Amino acid sequence: IEDGAIDFRQQFERTLQCRELKLSPSVLIHGLGPNAIAAGSDPAEALLELLEFIGDSPVLAFHAPFDQHMLGRAVKEHLGHKLQHVFLDVADIAPLLCPQAQIREAGLDEWIEWFRLEMFERHNASADALATAELALILFSRARAQQIYSPLQLQQRLSQWKRRQQTH
Numbered sequence: 001i002e003d004g005a006i007d008f009r010q011q012f013e014r015t016l017q018c019r020e021l022k023l024s025p026s027v028l029i030h031g032l033g034p035n036a037i038a039a040g041s042d043p044a045e046a047l048l049e050l051l052e053f054i055g056d057s058p059v060l061a062f063h064a065p066f067d068q069h070m071l072g073r074a075v076k077e078h079l080g081h082k083l084q085h086v087f088l089d090v091a092d093i094a095p096l097l098c099p100q101a102q103i104r105e106a107g108l109d110e111w112i113e114w115f116r117l118e119m120f121e122r123h124n125a126s127a128d129a130l131a132t133a134e135l136a137l138i139l140f141s142r143a144r145a146q147q148i149y150s151p152l153q154l155q156q157r158l159s160q161w162k163r164r165q166q167t168h
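Per UniProt numbering, the sequence shown starts with residue 1, numbered consecutively.
Hints in this document: simulated from the structure, not taken from any laboratory.
Just so you know, these numbers come straight off a predicted model, no measurement behind them.
For glycine and all other residues, C-beta sits at the position ideal for the given N, C-alpha and C.
There's no promise every hint is true.
Said to hold, decoys possible - Using C-beta positions, here's what the derived DEER-type ranges look like:
{"#": "1", "residue 1": "F115", "residue 2": "E77", "range": "14 to 24 Å"}
{"#": "2", "residue 1": "Q102", "residue 2": "K82", "range": "30 to 40 Å"}
{"#": "3", "residue 1": "D67", "residue 2": "E110", "range": "34 to 44 Å"}
What the hints assert, rightly or not - Derived DMTMM-like pairs: lysine to aspartate or glutamate, alpha-carbon spacing no greater than 20 Å straight-line:
{"#": "4", "residue 1": "K162", "residue 2": "E113"}
{"#": "5", "residue 1": "K76", "residue 2": "E52"}
{"#": "6", "residue 1": "K82", "residue 2": "E121"}
{"#": "7", "residue 1": "K82", "residue 2": "E105"}
{"#": "8", "residue 1": "K162", "residue 2": "E105"}
{"#": "9", "residue 1": "K76", "residue 2": "E45"}
{"#": "10", "residue 1": "K82", "residue 2": "E110"}
{"#": "11", "residue 1": "K162", "residue 2": "E118"}
{"#": "12", "residue 1": "K76", "residue 2": "E105"}
{"#": "13", "residue 1": "K82", "residue 2": "E45"}
{"#": "14", "residue 1": "K82", "residue 2": "D56"}
{"#": "15", "residue 1": "K162", "residue 2": "E52"}
{"#": "16", "residue 1": "K76", "residue 2": "D56"}
Please build the complete structure, drawing on both the sequences and the hints.
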């Protein structure tokens, strides 16, 4: 997301090759069958390309701690480095900026429905990333209306909000 738009020319998607994968329901729901995983990219090469693509930008995700853990583990295992990127969690940002929705601890589908977004596909990396990016565009607009102008300000406001939520 840049300048209030989603640039579809700037995409990164890879399936990592994995020889010893147990096909869990999560893997299957995202359309990753054994053939796709066997034909995937070399993990070290794909992770290097991903880190180059991300650069020093924050990483935006829905339920970001999951993505941060999985990516951090893969970077450590295949590259021997610690992942240092800032992650912004749309699942946390949405209820902060839209308390009138009275939706807490909801999934991506609930927020898609609340904002009446039209999704033609779900449960694959590209479709879920697009849904997350569309939600983020709406949320960033609402953040600006609340005088939040940067990822750092958003993180600070989110931390304050989470502390208040824990005390109630």
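Right, here's what the structure says about each hint:
no., hint, result
1, F115 - E77: 14 to 24 Å, "violated, 37 Å"
2, Q102 - K82: 30 to 40 Å, "holds, 38 Å"
3, D67 - E110: 34 to 44 Å, "violated, 19 Å"
4, K162 - E113, "violated, 24 Å"
5, K76 - E52, "holds, 16 Å"
6, K82 - E121, "violated, 33 Å"
7, K82 - E105, "violated, 28 Å"
8, K162 - E105, "holds, 12 Å"
9, K76 - E45, "holds, 13 Å"
10, K82 - E110, "violated, 33 Å"
11, K162 - E118, "violated, 30 Å"
12, K76 - E105, "violated, 29 Å"
13, K82 - E45, "holds, 16 Å"
14, K82 - D56, "holds, 14 Å"
15, K162 - E52, "violated, 32 Å"
16, K76 - D56, "holds, 18 Å"
Checked against the numbered hints given earlier, the structure breaks hints 1, 3, 4, 6, 7, 10, 11, 12 and 15 and satisfies all the rest.
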